[in-house]
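Could you put the whole structure together from the sequences, leaning on the hints where they help?
Listed below, chain by chain, are the residues.
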Amino acid sequence: MALRNSILLGVICAFANASMAYSQTLSTYGTPGLVDIPTAEALPDGHLAITTNRFAKISRNTLTFQVLPRLSGTFRYSILRDFSLPSGNLYDRSFDLQYQLLHETDRRPGVAIGLRDFGGTGIAASEYVVATKSIGGRFKVTGGIGWGRLAQTGSFSNPLSTLDDSFDVRPSDSLGGQAFAGRPDFGAWFRGRAAFFGGVEYQATKRLSFQLEYSSDAYDFQVQRGVIDIASPINVGLNYSYPSGSNLRAFITGGREVGLQYTLNLNPKSRRVPGGFDKAPLPMRASGQALLSTRDLTSPDVHTQAESALKRLLASEGMELQGFSHSGAQASVRIHNNRWDIEAQAAGRAARAMAAVLPAHITRFAITFQTKGVPITTVKLNRNDLETLAEDYDGSWKTLTRARFEDPHAMGRDGELAETFPKFSFGLGPYTAFSFFDPDNPVRYDLGVELSASYRPLPGLTFSGIARYPFVGNIADATRTSNSVIQRVRSDAVRYAQESDLEIQELTAEYMFRPGENLFGRATVGYLEAMYAGVSGELLWFPNDSRLALGVELNYVKQRDFDMLFGLQNYEVLTGHASAYYDFGNGFTTQLDVGRYLAGDLGATLSVDREFKNGFKVGAYATLTDVPFSDFGEGSFDKGIRVSVPFSWLSGQPSRKKATQVIQPVLRDGGARLNVSNRLYGEVRDYRSNKLSDGWGRFYR
Amino acid sequence: MKHWKQTLLCLALLAGCGTASDENSQIGLVRSVLSSQAAQPRFTALLQSGAPVLQVAFVRTQQGTNILLEHQRGDFEYWLASEGAQVILQKGMLHGIRGLGDGLLASELSQPMAHVFGLKSGFSDRFHTYLNGNDEAVTRTYRCQVNVGDKAPITLASKTISTRLVTESCRSLDQEFTNLYWVDPKQRRIVQSRQWIGPRSGYISTRVTH
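In order, the protein sequences belong to chains A and B.
The opening residue of the first sequence carries number 1 in the numbering used here; numbering runs sequentially from there.
The opening residue of the second sequence carries number 1 in the numbering used here; numbering runs sequentially from there.
Honestly, the hints are just simulated from the structure, not real lab data.
Check each hint, because a few of them may be wrong.
[To be verified] Calculated lysine to aspartate or glutamate pairs in the EDC-like style (CA-CA distance at most 20 Å, straight line): (1) K398(A) / E136(B); (2) K691(A) / E136(B); (3) K380(A) / D164(A); (4) K617(A) / E136(B); (5) K380(A) / D583(A); (6) K91(B) / D392(A); (7) K398(A) / E108(B); (8) K269(A) / E136(B).
[Stated by the list, open to error] Chain A residues, not near chain B, derived (Cβ > 12 Å throughout): (9) A204; (10) S244; (11) T420; (12) F616.
Beta carbons: idealized from backbone N, C-alpha and C, even for Gly.
Pasting the structure below:
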């Protein structure tokens with residue numbers, strides 16, 4: 001017992017040590033920088049930095065993701081207190097991009113170009129080109145030129161106007177301001193007056209650094225509103241990096257305002273515990289050492305014995321045996337994986353369970369992964385390969401090259417265990433729901449109990465329901481009602497919270513099936529989601545080892561009553577999409593959905609995710625439809641970012657659970673999609689060969 | 001009035017029951033973390049059947065425990081710890097580790113084994129494959145110098161065994177470690193050792209019990 005604790009301690013220490021060399025100072029805008037000004041530095045590829053700070057009457061909360069080695073993207077939620085009278089706060093959401101044009105070398109500085117607040121309300125809108133050079137081991141010098149807000153102090157006429165006179169004038173805020181917020185302000189970029197900024201960072205010790213800068217950002221607008229007091233363009237900061245890689249910083253802005261900032265650096269590429277604390281797998285047994293090694297599986301007795309031993313061993317590995325059969329030298333199992341988020345690890349454990357039990361005359365293992373009792377993919381392995389490669393130093397890779405992936409579309413119910421169906425299950429537990437960015441209260445929540453139940457009489461056919469009862473929370477306290485000028489398909493969320501007590505979230509009959517090779521089908525009818533009821537049908541084409549998958553979905557739905565019980569409102573709509581999913585194979589996946597949205601608007605959603613092999617995912621999406629920006633309202637069009645963190649990434653314990661959060665700056669009615677559960681791509685992808693191969697490093701874990 | 005609600009909520013939070021994919025509920029996760037401290041049925045069964053015992057300890061933290069031999073296949077021994085961790089040895093030399101947070105998947109030890117069990121000084125290569133934090137198997141190569149040292153008697157519970165201390169000093173471009181083996185020259189087996197797992201966990205020590 002003590003062994004594991006001491007190892008855990010050791011791992012934490014080692015984790016700290018591993019991160020020690022790394023300490024990137026982030027500006028108050030949450031991007032690589034000094035105090036306010038940016039520097040030409042990038043975070044390590046794939047890193048995620050979360051920053052929160054407070055100074056004067058301003059606080060900024062930022063999420064920055066190093067999308068590619070040269071490209072970073074930032075989402076920021078700023079609060080400016082008492083910005084407008086009487087005591088009105090300004091809540092501002094903004095996006096930045098920074099591109100590293102040149103990486104620093106011994107001879108030349110690093111150079112980066114950036115867009116700050118390129119959509120949104122534009123109160124921080126600025127563009128810059130910046131260079132940073134390290135001198136000796138301890139100094140870093142930065143200089144740059146900025147436009148927009150970065151040209152409020154010491155500005156001069158735009159050098160770009162030598163190219164074209166139009167660079168002389170920056171369109172005023174009223175053009176790029178609140179009314180049209182939410183879409184890129186191409187017309188203003190790099191226009192108007194320009195100014196220089198610069199600064200220096202001194203690394204005093206491994207943990208402590210000082211920043212001194214001359215900032216051309218004078219907070220003009222904020223000073224006018226009395227939000228901040230700026231007496232000088234000089235800012236100073238003192239940064240302390242914790243061994244874990246997070247930073248705490250104190251700084252003085254404009255000579256008057258003292259601020260404090262905390263930064264959490266995460267490296268999604270690295271689980272907190274790389275090997276995990278998974279329980280030991282069964283040792284790989286030679287066929288001569290298997291439980292039934294000398295027996296003959298064709299004898300019904302032996303078959304029964306094998307089945308019950310497999311059932312027991314798989315259950316202890318978090319998998320349910322749903323089918324067992326054999327034919328000649330091949331034994332086949334159908335399994336449902338409840339535990340392993342890296343599906344290849346489930347395959348590896350199932351294979352070792354088979355090796356521990358089955359007679360020596362069985363030389364081939366077929367493992368079929370099932371979802372809702374429907375076969376998705378079969379992994380075929382030679383028993384002999386496993387015996388030879390289990391202890392090979394390159395065993396994972398060699399096993400993968402010898403594994404075969406097949407599509408069990410025509411498997412029917414062969415060898416299905418009698419007790420697999422019908423299956424009844426239920427769950428009672430807590431739930432939490434959040435609502436973000438309400439100007440009156442940026443974080444609202446509900447906490448309550450959730451009861452779920454499902455009944456599955458046949459493979460793929462599921463009757464299920466989810467009911468919730470919120471006990472405490474303040475989502476229903478929101479007083480802002482929808483001001484939407486188009487059909488209110490989502491923006492009445494608050495009314496749903498206010499007028500409901502016991503909420504029926506879902507009550508559906510769903511059928512998932514295999515219409516043919518590489519094809520998956522789903523039909524769902526009932527109360528599909530919190531706000532809509534109706535019918536939904538979907539077809540997905542997704543060959544094994546294909547990077548491309550294609551799908552179509554068609555729904556006919558009616559809006560549900562605000563009490564979230566059984567009644568329906570008058571609004572009904574035919575909505576659906578054609579979707580293309582593409583896996584670039586380098587960690588990036590993309591999805592394009594084209595079709596008709598809930599408000600009857602036509603358009604498309606493009607999303608891009610970066611998914612690490614350990615399951616950590618960061619992505620963004622945007623939807624453009626034929627709803628004009630002015631009708632859409634605040635934000636101009638629907639967009640958002642999403643982060644998904646596997647529990648196993650945090651805890652080192654295997655689990656299929658993930659913490660997923662979508663950050664959608666504004667919830668409006670344009671570009672809104674039906675939230676039907678169990679869309680096929682998400683259900684199927686984990687067990688298709690590309691995803692299985694991604695996790696194959698854990699096959700022998 | 002609100003009282004019963006809070007009570008029910010607390011009960012739901014604490015109890016959280018059901019059959020629905022237990023392992024994937026918050027409660028299931030908490031349960032699995034808590035139960036990880038309990039001895040595993042596989043370990044208990046081995047203990048009752050009187051399986052061979054090996055003493056191991058982590059050098060960095062000085063924490064030790066006894067592990068039991070669960071399975072042997074050729075040169076490979078699978079040892080199980082009470083909480084479900086696994087140490088895989090190849091004739092007593094560390095081959096891989098499971099469930100201890102470190103990612104040592106497997107090793108290729110044929111050259112160092114020839115030196116250690118042949119009691120021959122000289123140079124050899126070894127390969128370690130680690131699982132990195134992104135679930136990729138990464139193989140590293142180490143160049144090692146093996147030195148067969150003087151006689152070093154080891155006292156076990158019942159007897160004293162005369163052994164030779166074999167030192168294996170290894171380095172790669174950015175890592176270095178020194179493994180120590182106390183080898184019984186008659187039986188050609190490792191009686192006691194200190195072996196490097198990886199940069200995270202450092203060294204593990206092993207010692208046979210008889």
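Hint by hint, here is what the structure shows:
The hinted pair formed by K398(A) and E136(B) meets the criterion: a straight-line CA distance of about 14 Å does not exceed 20 Å. Between K691(A) and E136(B), the direct Cα distance comes to roughly 13 Å. Compliance with the 20 Å bound is thereby established for this hinted pair. Proposed proximity of K380(A) and D164(A) is contradicted: the alpha carbons are some 65 Å apart, above 20 Å. Annotation: proposed proximity of K617(A) to E136(B) holds, straight-line Cα distance about 16 Å (limit 20 Å).
At most 20 Å may separate the alpha-carbon atoms for a hinted pair to count; K380(A) and D583(A) exceed this at roughly 24 Å. With a C-alpha separation of about 15 Å, the suggested pair K91(B) and D392(A) falls inside the 20 Å cut-off, and the hint holds. Of the supplied pair hints, the one linking K398(A) and E108(B) holds, its CA atoms being roughly 14 Å apart against a limit of 20 Å. Simply put, K269(A) and E136(B) have alpha-carbon atoms about 10 Å apart, close enough for the 20 Å limit, and the pair holds.
With 12 Å as the threshold on Cβ separation, the claim that A204(A) sits away from chain B holds: the shortest Cβ distance comes to roughly 27 Å. Against chain B, the non-interface label of S244(A) holds: every CB pair exceeds 12 Å, the least being about 15 Å. With a minimum CB-CB distance of about 14 Å to chain B, T420(A) clears the 12 Å threshold, and the non-interface call stands. Non-interface status of F616(A) relative to chain B is broken: a Cβ of that chain comes within 12 Å, the nearest being about 9 Å off.
Violated hints for the displayed structure, listed by number in ascending order: 3, 5 and 12.
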